[in-house]
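J.: Given the structure of chain V, go ahead and fit chain C onto it with the hints provided.
2 protein chains.
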Amino acid sequence: NSRLPMYATHQVGVAGAVLDETNGQVLVVQDRNKTQNAWKFPGGLSDPGEDIGDTAVREVLEETGIHSEFKSLLSIRQQHNHPGAFGNSDMYIICRLKPLSFNISFCNQECLKCEWMDLGELAKTKEATLITSRIANLLLYGYREGFDKIDLAARTFPAVYSGLFYKLYHRKLPETYENMPNLE
Amino acid sequence: NSRLPMYATHQVGVAGAVLDETNGQVLVVQDRNKTQNAWKFPGGLSDPGEDIGDTAVREVLEETGIHSEFKSLLSIRQQHNHPGAFGNSDMYIICRLKPLSFNISFCNQECLKCEWMDLGELAKTKEATLITSRIANLLLYGYREGFDKIDLAARTFPAVYSGLFYKLYHRKLPETYENMPNLE
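Protein chains in written order, with this note's numbering: chain V, 1 to 184; chain C, 1001 to 1184.
Bound conformation, chain V alone (with noise of 0.2 Å):
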């Protein structure tokens, strides 16, 4: 039966935008060996079973030694025969995260540099991947006119059949909406 998941697909990899909303500054790397240096967000990843935040926190200490907790999910970016990816697909997953911890002390086998970058500056800079570019101004938004523009919130529900949990993102609903009687 064509029908059934025969098997994955997509390998998973999560970025973490750290952003200290104090001061607008938001922690960027520069990976080794890469012919062009650009500026991007910390990440990789995710371990089976893992969930999206969880991974962007572990990556982001992992290659910065920064300690930071989940806020929202930002965006996705879904890629085909990607090349890291060995023909599968690739979904990246750009998580905006608060900073806990501010003296990097970066991992030299992953990283060439990492830096706290004001977000205009990375928003502007022509050393930045074009996706590192975009989410710089997606964030600029959010950390001018609210982040509520910006963000997607994460809930944990119960599934069913399995006892098991799972995670869901989207905009946030007003109370009025949230507080609807099935949802009781």
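Calculated from the structure, these hints are not laboratory results.
The model shown is predicted, which means the values in this text are computed figures rather than measured ones.
Quick reminder that beta carbons are idealized off the backbone N, C-alpha and C, glycines included.
Please note: incorrect hints may appear among the correct ones.
To be verified - To give a feel for the contact side, a few chain V residues facing chain C, derived at Cβ under 7 Å: (1) ALA8; (2) THR9; (3) LEU74; (4) LEU130; (5) TYR141; (6) ARG144; (7) LEU168; (8) LYS172.
T.: Chain C alone, transformed into the frame defined by chain V:
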């Protein structure tokens, strides 16, 4: 090197919430072969190399006979140890679609029932999966107060190294942020 991606970890499923903006009705189905009959949005697994919105449109057509077009991405669910995913994780994405036809001709192999239902009714009924109720509330919020409150827009960008393209989904940026000079 344990940092290398060895295989894909996620299957990707997509559901289409086909909403008729002229009357607030949304297309819902009930699966065959379920012990509990519950309304849900039509959908299914992505084919290899298929974009999210294309999966939604294709699955809606196959299950219900309704032609539609992609409008936005609304929500993402991540679930591990999904019973239908052979130990892999499941990424389930819900899109908002606009109907291009209205006469239902549903697939009896997959569906028991298929109807256009008022959003308010779907949000209230106990006969819907939890995620369907949540998304019905989200759609109701968008229908009443503007879809810009709930939508993630899609844009296509070139992947520099491969000559291929990818799709990026995030909240729509106001023009002033869209037109920043580095994005020309």
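J.: Does each hint hold? Answer for all of them.
T.: These are the hints, each one checked on the structure:
1. A cut of 7 Å between beta carbons decides the hint on ALA8(V): the least distance to chain C is about 4 Å, and the hint holds.
2. A distance limit of 7 Å between C-beta atoms decides the matter here; for THR9(V) the minimum to chain C is near 5 Å, and the interface restraint holds.
3. The closest approach between the C-beta of LEU74(V) and any C-beta of chain C is roughly 6 Å, which is under the 7 Å cut-off, so the hint is satisfied.
4. A cut of 7 Å between beta carbons decides the hint on LEU130(V): the least distance to chain C is about 6 Å, and the hint holds.
5. Contact between TYR141(V) and chain C, as hinted, is supported at the beta carbon level, the nearest pair being about 5 Å apart and thus within 7 Å.
6. The interface hint given for ARG144(V) is broken, as the beta carbon of that residue sits about 9 Å from the closest beta carbon of chain C, more than 7 Å.
7. The closest approach between the C-beta of LEU168(V) and any C-beta of chain C is roughly 5 Å, which is under the 7 Å cut-off, so the hint is satisfied.
8. Given hint, LYS172(V) at the interface with chain C, is violated; its Cβ is 10 Å from that chain's nearest Cβ, farther than 7 Å.
Violated hints, in rising order: 6, 8; the structure is consistent with all others.
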